[in-house]
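Enquirer: Just so you know, the protein sequences line up as chains H and E, in that order.
Residue numbers 0 to 327, in numbering that gives the first Met the number 0, belong to the letters of the first sequence in order.
Residue numbers 0 to 406, in numbering that gives the first Met the number 0, belong to the letters of the second sequence in order.
FYI, nobody ran anything at the bench for these hints, they're computed from the structure.
Accuracy of the hints is not assured; some may be wrong.
To be verified - Calculated cross-link-like contacts (lysine-lysine; reagent style BS3-like; alpha-carbon spacing at most 25 Å):
no. : chain 1 : residue 1 : chain 2 : residue 2
1   : E       : K143      : H       : K50
2   : E       : K174      : H       : K50
3   : H       : K252      : H       : K194
Unchecked claim - What the simulated footprint calls covered on chain H by chain E, stretch by stretch (three residues with Cβ under 8 Å from a Cβ of chain E suffice, anywhere in the stretch; the number is not a length):
no. : stretch
4   : 67–74
5   : 93–105
Just so you know, these numbers come straight off a predicted model, no measurement behind them.
Note that the Cβ used here is the ideal one computed from N, Cα and C, for glycine as well.
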Amino acid sequence: MPVMRYREALNQALREEMQRDERVYLMGEDIGVFNGAFKVTAGLLQEFGEKRVRDTPISENTIVGMGVGSAMTGLRPVVELMTINFALLALDQIINHAATIHYMFGGQARVPLVVRMPQGAGHQLGPTHSHCFEAMFMHVPGLLVAAPTTAADAKGLLKTAIRDDNPVIFIEHEYLYGQRGEVPEGDDHLVEFGKAAIRREGADVTIVGISRQVSTAEKAAKTLSEKHEIEAEVIDPRTLRPLDMGTIVESVKKTNRVVVVEEGWPHGGVGANLAALIQEQAFDHLDAPVTRVTGADLPMPYSKPLEQIAYPHEPQIVEAVLSTFRDI
Amino acid sequence: MATEAQEMTNQELPDPDVAREWLRSMILIRRFEERAGEMYAKAKVGGFLHLSIGEEATIVGAVRAMQDEDYLISTYRSHGHALARGADPDNVMAELFGRETGVSKGRGGSMHMFDLENRFMGGYGIVGGNLPLAAGMALGSDYKGADEVTVCVFGDGASNQGTFGETLNLAALWKLPIVFMVTNNQFGMGTALERHSAVTELYKRGEGFGVPGVRCDGMDVMDTYRVMREAIQRAREERQPVLVEAMTYRFRGHSMADPEEYRTKDQVAAWRERDPIDAFAQQLVGAGAMEDGEHQRLDQEIVSRIDAAVGFADQSPFPPPESLYDHIYVLENESDSWYSVDERSAGVHRGEDERRLPASERGPEDEYRRAVEQAGREGANSGPADRAQNTPDGADSNEKLAQGGEG
């Protein structure tokens, strides 16, 4: 199986879907001549031309809104926003329009739109370029939310997102762009939404990782096994809406302990929601409270030492897992 | 403005059949809106209700300048746009009543009409939210090489939203086939034009974005038609977006709950003198295109038609409770992997599985039943006879309605 970087897998997905379907086009800031802020769209302008790879002015709300409008007339736009923080400028079009139009008009119009964007801290970009907002988007009925963590899923989930008739919020991660992984060959590599992946099997504790934190959780699981004889099962939900609660609940029934790891804020976060769902659906199987490891509850600071302690790293996950054993 | 308007109206009438159809469409909107207002007072219609009484010429003049394949997109004041584009008054009224037979199946209500078949691409409740959508539709036409134009209607208030500048810039930059029509009814809700805009000649605001502007007399259906037809032709043939400012006035309040403390009775009366329907009817009679009395016959026929629409709406069923989750997602797609999160059980399943759940798990069934019963009780005294108490444009009932509960 070919090995490639996460960003290359995304690029391949875009190229294949554009070759497959004339209606698919790309729109975003600096995605063409500049080849994309994170080089995900590199080479696509040369291959497909300006009609299908459209550099836009810096007008996030309008770019997304035009994606919605063109989707309503039968196109299949893939809009790139430079980071998820800039999606806040487009929340009106994403929530009031993209997410509601199919329902609000009694099923008459469809919005087959993909909005792609990276998130995440670690590059000292301060409070306006570093946050994780998956919890905010997964809150919204009418949206689908994918957060791929491997190169294979980046490709497979993006292809599936482009072929879907619903608006998809596609959340990439700046740290993951350079990570390598095996990617199945072929035009038909589609990853189904609503199916979690079990990244590592284990019988002692379940760790649910979100976005980049899946890879941090895998490292923590290795340490737990080597130093503490605890075998962790690491689950990657892959999509947050739909959310595969079945796989998570089955795992919790086996391990009786669960730790949720995310980079976003704790209050009203993915972990907060999962904790509610798990206690509703598997209360009798829990031997310890559902435990969360989250980003710090603050605007992301610039200074490197401060930034490093403001989002989860491996030791915090190890400590959180150990706490679920101490609590008994 | 009056002098300018007089100059513009000095033009030839269209073919008599065409002219009578325009008059008919304007009366249909007027009578529909009046009845909608009455039904709101009887609580048959909920939520907000924004009427376009007084603005009929802007609607009919613009829509008749469009071709069938063109797209029209509007605001939360859009009953008239849906009707002019060809939506059945039955289904528009049923939408106001929240019924399954409504144009949006009772999901949208007054502010969110839609009629895909007639390429009426929606009324939208967010001020300025429809501009990017319109440009996207025009992009869709351009991308496919289709000959279609998108007409985007919004109010003077919306011209202060960021989307106005963003969208005009992009439309001009990408040479999209689109006409921006700002319906300047002099107020953004209760804030007068000169209190919300530094530049009150709104048609001038497009220049800086590469979108030339032109004004029309929105109280004159012929002038609106002429200016819109030219703008649409330019957009279609030259790929030049145009901004058209239609000068008009809403005779009623912003919505049904508007005591109108921000304007004088004299101002309202002055504009009412220029009633677009009366003015056009007089022109037709004067030019011999319509006989004396035909206006009244047309009016009676339309009143009966609206009565029928009210009857249709009232007899239509509410959407069934098991349809609550319908249309959140499109489910019949290629990859067949779409689910709505259902947090009542561990299984991931489609939101539309709601209809398969036992009634006890579906949500507050009692609340649904009570709402249906209440609608029935309020309907008992809503016969057409009640309408007779009102003046033709419902001015007398306006003050009473204004006491009703918006906000």
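Enquirer: Output the indices of the hints that this structure fails to meet, ascending.
Expert: none
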